[in-house]
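Chain by chain, the residues run as shown.
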Amino acid sequence: MLVEDKPGVLARVAGLFARRGFNVESLAVGPTEIPEVSRMTIVVNLEDQPLAQVIQQLDKLIDVIAIEELSVQAGIERELILVKIQVKERDRTALKQSINPNICRVVDESDSMLTIEAAATPFEIKQLLSRLSEFGVAELVQSGVVAIGRGPAALNEKLRTGAEN
Amino acid sequence: MTEKLTGAQVLIRSLEQAQAEVVFGIPGGAILPAYDPLMDSSKLRHILVRHEQAAGHAASGYAWASGRVGVCMATSGPGATNLVTPLADAHMDSIPVVAITGQVPSPAIGTDAFQEADIRGITFPITKHNYLVTDPHEIPRAVAEAFYIASTGRPGPVLVDISKDALQAETTWWWPTEIKLRGYRPHRSASDQAVADAVELILSAKKPVLYVGGGIIKASATNELLEMANLTGIPVVTTLMARGAVPDSHPSHLGMPGMHGTVAAVGALQQSDLLIALGARFDDRVTGKLSTFAPNAKVIHLDIDPAEIGKNRAADVALVGDAKQTISRLNAEFSKQLKNGRTIDQAAWWQSLNRLRDTYPLGYDDPHDGSLSPQYVIQRLGELAGPDAIYTAGVGQHQMWAAQFIKYERPNTWLNSGGLGTMGYAVPAAMGAKVAKPNNPVWAIDGDGCFQMTNQELATCTINEIPIKVAVINNNSLGMVRQWQTLFYNERYSQTDLHSHSFPDFVKLAEAYGAYGLRCDSAEQVDGTIEKAMAMDDAPVVIDFMVHQDAMVWPMVAAGTSNSDIKVARDMAPVWDRED
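Same order as they appear, the protein sequences are chains A and B.
Residues in the first sequence are numbered consecutively from 36, following my numbering.
Residues in the second sequence are numbered consecutively from 83, following my numbering.
Any given hint could turn out to be false.
In the BS3-like style, the derived pairs of lysine-lysine whose C-alpha atoms are separated by at most 27 angstroms in a straight line are [claimed, not checked]:
1. Lys262(B) x Lys41(A)
2. Lys262(B) x Lys95(A)
3. Lys95(A) x Lys406(B)
4. Lys262(B) x Lys193(A)
So the derived list for chain B, only partly shown, Cβ under 7 angstroms to chain A, looks like this [unchecked claim]:
5. Phe206
6. Pro207
7. Tyr266
8. Pro388
9. Ala389
Some chain A residues close to chain B (C-beta under 8 angstroms, calculated; not the full set) [as the list claims (entries may be wrong)]:
10. Ala87
11. Lys95
12. Ile97
13. Asp98
14. Ile100
None of these hints come from the bench; they were simulated from the model.
Cβ coordinates follow ideal geometry from the N, Cα and C atoms, glycine included.
Generate the whole structure from the sequences, applying the supplied hints.
Below, the structure is given as structure tokens:
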């Protein structure tokens with residue numbers, strides 16, 4: 036979702052979800068290729084509400100410029116985690132060997148602790164965390180999902196066509 | 083050299099440029115800079131109200147009666163929070179209102195300063211959009227956008243909060259030549275295919291109903307609607323927000339649907355096989371228990387707001403667009419199909435509806451003790467004041483009776499708080515309507531409970547020569563709540579007795595405010611009292627109609643139950659099907 040980079044936009048979006056009873060699983064906000072436009076990736080849990088209603092209500096917010104629905108198949112999704120593992124000396128090598136180097140790396144190391152960074156799909160992150168829990172997770176920080184559509188189309192095309200209306 | 087102005091001067095000039103003519107408001111610390119140049123404006127008439135809530139409702143009443151954007155103004159903190167109720171009200175009923183509020187100086191924002199309230203944050207969910215302006219150069223843009231957003235698409239309230247330092251700082255004048263809002267696309271149009279599909283559904287329906295909501299009045303689509311009703315012969319129901327969208331005297335009009343609708347209107351929706359919803363939103367007060375609402379009906383849903391489509395009831399054909407234009411297209415397509423030899427036969431449908439209409443007309447029983455019937459008062463008021471008058475109402479029994487027993491022949495003559503259900507709406511809304519339409523009589527039909535929430539505005543009306551007329555339907559209690567206690571709480575009247583047959587003395591109260599005060603407590607006096615009030619045009623008039631306490635609003639669909647379980651009186655259900 037592309038939004039105006041203005042104060043209060045996040046509050047408007049979050050407030051809408053709260054007030055209409057839409058469940059948010061995760062929300063990530065950041066800058067985009069366009070100045071003054073931010074992008075939000077929102078993962079919604081649709082047990083009670085049809086997605087069309089969620090999208091239409093969001094689209095009514097004046098500061099929301101463009102919305103695109105990305106299914107798991109249509110989008111590329113990534114989550115970022117930083118996780119501290121309390122590790123005994125004898126487990127250290129085993130731990131390092133057990134993590135997939137394509138998505139993980141050790142970013143900080145001390146006598147009793149190993150900090151691992153991983154960026155991967157939500158499914159891979161879930162698997163990784165389950166493996167790491169065997170060693171003992173001391174601290175975990177996890178970002179919301181960010182996602183982008185597959186193929187040549189870009190969400191900012193909607194912004195340009197929207198501006199012409 | 084470019085002219086230097088203060089932000090406050092720019093604000094006033096922006097309001098003038100946006101073609102505001104009237105501002106209802108109250109000054110205070112943070113908005114004070116704006117009131118200085120306001121004093122010099124020859125284009126803006128400011129009406130000093132007695133409570134900010136009234137400023138908001140007056141702006142709504144003005145907007146509704148005039149078709150223009152209503153403007154209200156208040157200071158920061160409590161001034162702004164007093165606008166919360168009317169903004170929420172305008173949001174629910176889609177009324178174009180712009181609220182200007184002062185905010186504490188920008189360096190003090192966030193410090194819990196004196197009279198600071200985050201009114202922008204507070205009003206996120208109850209405005210169509212809102213602004214916090216701290217740069218004086220941004221004032222014209224915010225005002226221009228606010229008026230544009232308020233009045234286009236589905237109308238609604240917009241708040242512009244301006245910090246005191248922005249009002250005081252010097253800047254230069256400019257005015258945006260075009261509005262650029264890339265996230266706002268109010269101009270939508272239904273596809274030709276959707277229009278054709280809708281007409282196909284209409285032609286194949288056996289029991290269609292035109293379910294008409296307030297959007298038709300807002301879109302000024304009443305002529306097109308009338309053409310549609312005449313062209314198709316389809317029965318029409320008008321919701322609380324749409325009373326007057328087709329004349330009540332029109333032969334196809336079945337009355338108001340919903341919790342206190344006519345049996346014919348409620349029955350038509352329930353038995354329908356095609357609902358043609360026009361600017362209506364399937365509100366719970368219309369549908370009753372949603373899962374049992376019009377169970378056999380397909381739905382054509384026309385609305386300017388795409389989020390209304392499928393919100394409460396799935397649509398078989400969605401027509402997102404302006405009602406005036408879209409109904410014209412439907413009419414044209416329908417006419418084309420008639421020329422092609424297609425027909426629509428509703429004889430059997432009308433026969434069944436006419437039976438309902440004839441068997442269960444709106445009515446009431448006179449009180450056994452000979453005391454005054456509230457329905458009679460309202461009915462006579464409608465007959466004497468006529469269809470040229472503008473009627474406003476508060477919320478409760480009197481509102482429902484005014485919706486039922488006054489015959490509306492024109493749009494924008496019935497103003498009430500439909501969505502939010504705001505007690506106290508009638509007097510300030512009548513004040514706003516009278517300012518907009520000084521040549522039309524404006525009657526506030528109010529309850530004794532409602533009247534005591536906003537009657538301080540009689541002072542405003544007297545002083546500013548706004549001669550509204552107030553009919554207080556005084557049943558000594560919070561009547562609708564009392565009715566529910568009668569029906570659902572074993573007649574245990576907890577906290578609904580207002581003693582307003584005794585205190586205050588509404589006649590003396592009116593006189594204290596410089597208004598005329600009249601009292602009426604018998605049927606014989608009703609016409610004479612109303613006629614006397616109609617002749618008094620140099621000051622506001624208040625009539626205290628002392629009516630029976632136990633009168634109830636019927637028909638009624640109890641909250642949360644099916645429309646099919648409507649009662650025409652206590653424990654009396656209509657007979658739906660009769661095998662002839």
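Self-check item: Structure versus earlier hints - violations, ascending order
Solution: Per hint list: zero violations.
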